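*Asks:* Protein chains in written order, with my numbering: chain A, 128 to 480; chain B, 128 to 480.
Just so you know, the hints here were simulated from the structure itself, not pulled from any lab data.
There may be inaccurate statements among the hints.
The list treats identical chains as interchangeable, and a pair is accepted whether it falls inside one copy or across any two copies.
To be verified - Taking lysine to any residue and the SDA-like style, the derived pairs with C-alpha atoms no more than 25 angstroms apart in a straight line are:
1. K146 <-> L180
2. K441 <-> A427
3. K279 <-> A472
4. K146 <-> S335
5. K281 <-> P247
6. K441 <-> L180
7. K279 <-> S205
8. K441 <-> P357
9. K279 <-> P206
10. K146 <-> G473
11. K281 <-> L332
12. K279 <-> N192
13. K279 <-> R435
14. K146 <-> F208
15. K146 <-> P477
16. K459 <-> E194
All of these numbers come straight from a predicted model, not from anything done at the bench.
Given next are the chains, with one letter for each unit.
Protein chains: 2
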Amino acid sequence: MSDTTLPSMEGPVCPLPLKHNDQIILGHGSGGRLTHDLIKNIFLPYLSSPPLLSGDDFARLSKSNGEVIVSTDCHIVSPLFFPGGDIGRLAVCGTVNDIAVSGAQPLYLTAGFILEEGLPVQTLIRILDSMRTAAQEAGIQIVAGDTKVVEKGKADGVFITTTGIGFLPEGRHINGHQAQPGDVILVSGSMGDHGIAVLAERGELGFSAQVVSDVAPLNGLIQELLAAAPNTHVLRDPTRGGLATTLNEIAAQSQVGMLLYENAIPIQPAVQAACEMLGFDPLYIANEGKIVAIVPAAEAEAALLAMRRHPYGKLASRIGEVTNDSGRVLLKTSIGATRVLDMLAGEILPRIC
Amino acid sequence: MSDTTLPSMEGPVCPLPLKHNDQIILGHGSGGRLTHDLIKNIFLPYLSSPPLLSGDDFARLSKSNGEVIVSTDCHIVSPLFFPGGDIGRLAVCGTVNDIAVSGAQPLYLTAGFILEEGLPVQTLIRILDSMRTAAQEAGIQIVAGDTKVVEKGKADGVFITTTGIGFLPEGRHINGHQAQPGDVILVSGSMGDHGIAVLAERGELGFSAQVVSDVAPLNGLIQELLAAAPNTHVLRDPTRGGLATTLNEIAAQSQVGMLLYENAIPIQPAVQAACEMLGFDPLYIANEGKIVAIVPAAEAEAALLAMRRHPYGKLASRIGEVTNDSGRVLLKTSIGATRVLDMLAGEILPRIC
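The whole structure should be built from the sequences, with the hints applied where relevant.
*Replies:* Here it is, written out as structure tokens:
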């Protein structure tokens with residue numbers, strides 16, 4: 128399919144340049160002059176890199192150092208803008224983080240946009256500006272893109288699918304299969320902020336929650352963590368399904384158990400209050416700027432301190448241990464009881480990420 | 128964001144396995160147990176590779192030989208199934224072809240699915256089966272995926288965004304900037320088949336067109352072409368916007384002109400008839416299984432013969448030459464007149480790819 132990368136700046140001059148108070152029309156997805164206009168006047172001022180400017184259907188990247196790591200994510204959040212972020216920041220950070228949890232440094236991102244006819248160009252610009260800011264913070268280049276337009280009522284404003292690419296240094300084996308009994312489980316901060324922030328913005332809480340999404344690129348934090356704890360076994364970002372689902376996935380992959388201490392899991396009072404009002408468990412609510420790290424006990428303290436030194440890890444906490452109770456995640460509650468913490472069963476918060 | 132790669136087969140057993148006569152519900156996008164069920168019972172039987180089975184949020188690929196090539200495309204075709212293909216085959220082939228036109232061999236693909244609540248599982252299975260067949264034909268692995276579900280009425284069945292990765296052999300420089308005056312312009316077959324096939328399936332023609340989409344992976348054809356014409360300057364697949372738009376893009380990138388011979392451009396009689404009825408020009412209609420090749424005159428004959436030997440290149444044809452009339456694409460018509468062939472101005476066929 129043509130126009131995978133954004134056409135060249137050298138393209139023909141458009142007779143009717145798109146204005147910021149215009150709306151997206153079906154012709155912007157035609158691949159023809161209107162698409163070139165959209166790309167030249169709206170996309171390129173925000174997203175620009177040498178491969179994008181080349182105007183070919185593919186992006187040519189550098190040679191790899193080590194193995195190539197790839198990850199992809201579709202972003203469908205509603206509303207598009209919420210306290211602390213928007214779909215653009217989410218689309219960059221979500222994929223940056225999925226690359227970073229491999230231990231690789233994320234370097235490149237592709238972005239595919241599905242736009243609904245009638246979308247205000249001003250809305251698209253706000254999203255692109257946010258993507259640019261997040262990409263700069265993460266130190267990545269957006270190297271290829273595609274834009275399609277569907278009829279009004281056949282999408283919901285904007286959907287963005289990003290794919291990230293990074294290179295893995297030799298000898299690094301961080302993945303969900305590496306957790307071992309005796310390992311220590313750390314989180315980089317408070318749980319549930321993103322999900323509650325989005326829900327509050329929808330007006331579904333019935334009150335103002337004062338919660339801000341944690342959406343952030345974590346590659347910087349992760350590199351500092353790995354410098355301090357080079358034998359880290361598992362890293363993962365507890366997004367959809369929350370901490371409980373993420374730990375169940377890892378327990379199943381590694382065939383280990385886990386024991387968590389409820390008191391040690393950081394949760395902001397406003398998130399806790401919102402969850403209590405709504406009957407949610409914050410351990411099942413999505414995060415977009417937090418990691419779980421499972422590290423050998425000998426490196427746990429160093430890992431914790433490294434995270435706490437980073438702006439995105441100030442509330443990092445040691446929340447439990449890996450056990451040999453294969454596949455079972457247990458939670459020691461604040462009143463001293465122990466209960467099984469299962470994977471998320473249904474859907475509590477649709478369109479959260 | 129979690130679940131970039133499909134969770135492991137080792138995951139917890141689902142209490143309510145999804146059945147083929149079920150429908151997609153919002154919970155299938157939750158990241159929890161229902162998502163695992165969808166992936167384990169529906170996705171993995173069709174799309175499976177060692178990185179997918181690892182169950183991590185990232186896929187670990189091989190080390191690269193040469194530079195990494197990447198390309199991404201969103202697929203929004205309506206209807207989802209059409210003569211000769213469907214959105215699944217389109218999503219694989221479109222991205223495979225965008226990698227292949229760099230001269231790289233496509234090796235890996237990621238796939239992001241946005242599903243509309245209420246989608247019949249049977250429809251998803253037909254699409255996945257088609258993706259598997261196309262991936263096998265192209266010789267690529269699907270290494271990472273993501274699935275999100277939006278409320279009924281907020282999407283249109285299925286949207287699929289694919290990103291391809293390949294490695295470029297040393298010393299290969301095929302791109303839109305390489306066309307030179309005196310080069311020969313070749314196409315691998317007839318123009319407009321895909322767009323007309325989709326339009327006919329929508330019932331918009333008012334008659335049955337008997338046209339089948341050309342959607343196909345072209346990496347095999349391209350490798351044979353490059354073996355015969357190793358100094359090929361430009362390759363591109365004329366998709367959205369058709370041949371006319373693609374050639375205008377290349378003319379602008381390379382700052383050259385082009386002269387085409389209308390009589391030499393292969394167009395099937397049924398496509399020609401449909402276009403005449405509707406007032407379309409087939410040179411602006413999308414193709415999904417054709418390439419344009421711009422080669423030095425000395426290699427033109429070898430390139431043409433190599434394409435014609437391949438099943439997807441039987442109607443390959445020499446259609447014109449590159450000139451030094453910078454940026455201008457001219458068409459010598461069948462009656463001997465010459466007209467400017469401009470880029471597609473508006474949108475003639477929305478939701479075609």
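*Asks:* If a hint holds in the structure, say so; if it does not, say that too.
*Replies:* Against the structure, the hints come out as follows:
1. Taking the shortest alpha-carbon separations for K146 and L180, only the intra-copy value of 21 angstroms comes in at or below 25 angstroms, while the best inter-copy value is 47 angstroms.
2. Taking identical chains as interchangeable, the C-alpha atoms of K441 and A427 lie at most 25 angstroms apart only when both belong to the same chain, with a minimum of 16 angstroms there against 64 angstroms between chains.
3. Taking the closest pair of Cα atoms, K279 and A472 come within 25 angstroms of each other only across two copies (21 angstroms); inside a single copy the shortest separation is 33 angstroms, beyond that limit.
4. For the homomeric pair K146 and S335, neither the shortest alpha-carbon distance inside one copy (35 angstroms) nor that between copies (41 angstroms) is at most 25 angstroms.
5. Within a single copy, K281 and P247 get their C-alpha atoms as close as 16 angstroms, and across copies as close as 17 angstroms, so both meet the 25 angstroms cut-off.
6. With identical chains, the CA atoms of K441 and L180 are never at most 25 angstroms apart, being 39 angstroms at best within one copy and 34 angstroms at best between copies.
7. Within a single copy, K279 and S205 get their C-alpha atoms as close as 16 angstroms, and across copies as close as 14 angstroms, so both meet the 25 angstroms cut-off.
8. Taking the shortest alpha-carbon separations for K441 and P357, only the intra-copy value of 20 angstroms comes in at or below 25 angstroms, while the best inter-copy value is 57 angstroms.
9. Taking CA atoms no more than 25 angstroms apart as the test, K279 paired with P206 passes in both settings, with 17 angstroms inside one copy and 16 angstroms between copies.
10. Within a single copy, K146 and G473 get their C-alpha atoms only as close as 44 angstroms, which misses the 25 angstroms cut-off; across copies the closest is 17 angstroms, which meets it.
11. Taking the closest pair of Cα atoms, K281 and L332 come within 25 angstroms of each other only across two copies (22 angstroms); inside a single copy the shortest separation is 28 angstroms, beyond that limit.
12. In this assembly of identical chains, the alpha carbons of K279 and N192 never lie at most 25 angstroms apart, being 45 angstroms within a copy and 44 angstroms across copies at closest.
13. With identical chains, the CA atoms of K279 and R435 are never at most 25 angstroms apart, being 46 angstroms at best within one copy and 43 angstroms at best between copies.
14. Taking the shortest Cα distances, K146 and F208 sit within 25 angstroms of each other inside one copy (22 angstroms), while across copies they are farther apart (36 angstroms).
15. With identical chains, the CA atoms of K146 and P477 are at most 25 angstroms apart between copies only, with a shortest distance of 22 angstroms across copies and 34 angstroms within one.
16. Within a single copy, K459 and E194 get their C-alpha atoms no closer than 40 angstroms, and across copies no closer than 50 angstroms, so neither meets the 25 angstroms cut-off.
Hint violations for this structure: numbers 4, 6, 12, 13 and 16, all remaining hints satisfied.
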